[in-house]
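**Q** Just need the whole structure built from these sequences, with the hints factored in.
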Amino acid sequence: MTRKQLIQQIQLKKSYLCVGLDTDITKIPKHLQTHPDAVFEFNKQIIDATKDLCVAYKINTAFYEAMGSKGWEVMERTVNYIPKEHFTIADAKRGDIGNTSTQYANAFFETLNFDAITVAPYMGEDSVKPFLEFENKWAIVLGLTSNPGSKDFEQLSVVGQATNNGEAKTNKSNEYLYETVLRKVSSWGTTGNLMFVVGATKASDLEDIRKIIPEHFLLVPGVGFQGGSLEEVSRHGMNEDIGLLINASRAIIYASEKEDFATEARAIAQQYQAEMATYIK
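Numbering (the numbering used here), first residue to last: 877 to 1157.
Just so you know, these hints were derived from the structure itself, not from any lab. Be aware that one or more of the hints could be misleading.
[As the list claims (entries may be wrong)] Between beta-carbon pairs, the in silico distance windows are:
hint : residue 1 : residue 2 : range
1    : 908       : 998       : 48 to 54 Å
2    : 975       : 1157      : 41 to 47 Å
3    : 1151      : 1090      : 21 to 27 Å
C-beta: ideal position from N, C-alpha, C; glycine also.
**A** And the structure:
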């Protein structure tokens, strides 16, 4: 999917909602747990109930990998069931030396046909570049995450660097490591193939983040169960093209433990979409 197509969907639906299909068979309604195709049936009903309210779906691959070969098959069937106008994200957090990253990219972009994959940047440029070499595909690089452990590395103070005519110059002032990551990684791709993960619980940092990457899209988890504020994220993080994908997983897909789970999931998604519509100009 191109950037233009994604923006068109956001404007058409008045929504920048991403529904996370982090499906755990032990948490889906009990009447489905004995279904011979439980996870896919659950995903199918969630997609049918929310597809007109969201622009993206994010599949956390760990929940499928844990099921072995059947899980991979369910993941492939799920991504193929999602309507083509939706942006599909493999939340796989891959990133390794170049030839390994190339195979990860082949797996998720060609075999499974996702539009995007989340990528860990720790190993540097050669571990990220292979994901940026596919036409109309996206790397979503971890920037500032919403988990408590983000302070262990992401929020370490380091000597900042700026780029001037291709040459790195050291700033006298310090910056956080995640800021260095945003600044450096943004030069490896374009605003049409590179996004960043920024946790919603870090909404107060979004203004500074936007000074570093004003035009890139941000994938923002943490709204809902993790306590992030949709209003604050929208106010501090939105750019001229909206530039946000707000992910909600548990708050939507586990809105009910009963047979009405899809109806209740739709109701929560509708609340998100209605609020988002008020922020879209």
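**Q** Residue 908 and residue 998, beta-carbon distance inside 48 to 54 Å?
**A** violated, 38 Å
**Q** A range of 21 to 27 Å was offered for this pair. Does it hold for the Cβ distance of residue 1151 and residue 1090?
**A** holds, 24 Å
**Q** Please test the hint of 41 to 47 Å on the beta carbon pair from residue 975 and residue 1157.
**A** holds, 45 Å
Violated hints amount to a single one, hint 1; each of the other numbered hints is respected by the structure.
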